[in-house]
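Trainee: What follows is each chain in one-letter form.
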Amino acid sequence: DQQVKQNSPSLSVQEGRISILNCDYTNSMFDYFLWYKKYPAEGPTFLISISSIKDKNEDGRFTVFLNKSAKHLSLHIVPSQPGDSAVYFCAASSKNGNEKLTFGTGTRLTIIP
Amino acid sequence: DGGITQSPKYLFRKEGQNVTLSCEQNLNHDAMYWYRQDPGQGLRLIYYSQIVNDFQKGDIAEGYSVSREKKESFPLTVTSAQKNPTAFYLCASSKGARVYGYTFGSGTRLTVV
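Respectively, the protein sequence lines represent chains A and B.
At position 82 of the first sequence (counting the first as 1) the number is 82 in this note's numbering, and the numbers step up by one without a gap.
If you count the second sequence from 1, you need to add 1000 to reach this note's numbering.
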């Protein structure tokens, strides 16, 4: 049972345009969400997070939006740069989840120069 | 600099053999985790430990074993009972996943030959 879903396995975006990565979740107990970026043969690195008490969090070129009623969050990257080409994982946690993160299946983002 | 180290980076194992993957952190994190990454399946939790001498099964623990004798170390043994061990294994640690997320190691690619 995949509780965190990233329905787009891949996405290609022109350099300088906006990249939008989407994530859906089914567990209504999730209340904290994170995005990770992963290059091949490396461990994921933390990008940005959002608590369920907010609907938006921004950090430089990266913004995460949370729609709790739709159980949906999205990561916006603008402007997109070649170095953003990577796999992006959405992750979620709940207060009673023993600090575990549940990850989505990932979206491979390719930035076209 | 503090960090989390996984070794080796690449590992080959013959069918029927047990193999142990190393994970060491000097971040003074209490919690440590093992994930497995397979194409199209994201990151799946194998085992996690929130304190020394204690650990819990994750979603796919069958065929794996762990120990947590020291705060810094959380080795993972892939036993011969694991039906499909070829994968990319990621170790992570955290001082509070809900606020700080995980710090990941660079991973170990295990191939069964």
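Please keep in mind that the hints were generated in silico from the structure rather than gathered at the bench.
Cβ atoms here follow ideal geometry from the backbone N, Cα and C, with glycine treated the same way.
Some hints here could point you the wrong way.
Residues of chain A clear of chain B, computed beta-carbon distances all greater than 12 Å [as the list claims (entries may be wrong)]:
| # | residue |
| --- | --- |
| 1 | S28 |
| 2 | L34 |
| 3 | T45 |
| 4 | K71 |
| 5 | T102 |
Quick look at which bits of chain A chain B covers, simulated, 3 or more residues with Cβ under 8 Å [as the list claims (entries may be wrong)]:
| # | region |
| --- | --- |
| 6 | 35-43 |
| 7 | 104-112 |
Trainee: For a quick check of understanding: which of the numbered hints are violated here, in increasing order?
Mentor: 2, 3, 5
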